[in-house]
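Residues 15 to 238 (our numbering) make up the sequence shown, in order.
The hints are simulated quantities; they were obtained by calculation from the structure and are not laboratory data. Be aware that a few hints might be false.
Once the Cα atoms are required to be at most 25 Å apart in a straight line, the calculated DMTMM-like pairs of lysine to aspartate or glutamate come out as [said to hold, decoys possible]:
no.: 1; residue 1: K84; residue 2: D70
no.: 2; residue 1: K71; residue 2: E99
no.: 3; residue 1: K184; residue 2: E99
no.: 4; residue 1: K184; residue 2: E85
no.: 5; residue 1: K154; residue 2: E85
no.: 6; residue 1: K154; residue 2: D32
no.: 7; residue 1: K146; residue 2: E99
no.: 8; residue 1: K71; residue 2: E37
no.: 9; residue 1: K71; residue 2: D100
no.: 10; residue 1: K146; residue 2: E85
no.: 11; residue 1: K146; residue 2: D173
no.: 12; residue 1: K184; residue 2: E174
no.: 13; residue 1: K84; residue 2: D173
These numbers were taken from a predicted model, which means no experiment stands behind them.
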Amino acid sequence: MEGLIPRDVAKLLDRAGDRFTSEDRRIIMEAAGQHPYLLQAAAYYLWEAYEEDISDKTERWQLMSERLYKEHYHHFAATWQIWSEDMRRAFSTIAIFNLNEYAHNFLQENELISNVISFDLKALVPPNELQKTGMVIQDKRFPLQWRIGPQTMLWWIKDELGEVLADERKLVEWLHVEHLTDNIAERLRFHVGKIGQGIQAHGHDYFQALVSGMVEGVVGGLTG
């Protein structure tokens with residue numbers, strides 16, 4: 015299933031009439047990206063939260079995000095299964111750099127390393143191939159200039175990588191960096207290892223961080 019362009023996303027959300035505020039719409043898009051199936055599900059769960067008379071908007075958003083993640087875990091897994099190995103690796107590379115943002119920027123040489131990996135990413139699979147799925151969005155504010163579209167799938171990939179994140183050697187191998195010079199590879203190994211350690215150490219806080227990050231972005235007018 016291909017991702018929607020922003021105009022089509024807006025049309026889809028217009029079906030809810032005036033039920034959703036502009037902030038609601040943006041939080042739905044942050045949680046679901048541009049994937050039509052996930053967008054409809056996110057809108058449904060937020061509608062449910064309104065029906066349950068949850069007055070606090072942050073609580074509504076959190077409930078929507080939690081339900082979207084838990085009820086559609088199987089969808090993320092199925093999507094992962096049909097992707098090629100190169101698509102998985104490219105998606106994971108973008109995800110790891112996104113996760114670094116939530117891990118308090120353990121990657122100290124972000125610009126240098128992201129430039130190196132960006133080159134490698136294009137060698138794996140053109141990011142616009144992933145963009146067609148609605149799972150990644152071009153965003154110059156992020157390392158690699160791409161980010162995971164559905165924030166709920168960012169949480170899923172953190173769980174999926176599991177052992178890889180905990181093992182510095184496996185993580186570097188997963189990022190497919192054998193072509194790098196020894197100096198760059200060693201620095202990457204150190205800093206990416208820090209990301210993995212940070213993600214593992216703060217794993218229990220990640221879903222809250224994910225929701226909080228979306229909320230802060232929407233309220234601050236930084237997302238979308």
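So, going through the hints one by one against the coordinates:
1. K84 x D70: 21 Å, holds
2. K71 x E99: 39 Å, violated
3. K184 x E99: 15 Å, holds
4. K184 x E85: 30 Å, violated
5. K154 x E85: 31 Å, violated
6. K154 x D32: 32 Å, violated
7. K146 x E99: 17 Å, holds
8. K71 x E37: 9 Å, holds
9. K71 x D100: 39 Å, violated
10. K146 x E85: Between K146 and E85 the Cα gap is close to 23 Å, so the pair holds against 25 Å.
11. K146 x D173: Within the cut-off at roughly 24 Å; holds.
12. K184 x E174: Satisfied, since the Cα-Cα distance of roughly 14 Å is no more than 25 Å.
13. K84 x D173: 12 Å, holds
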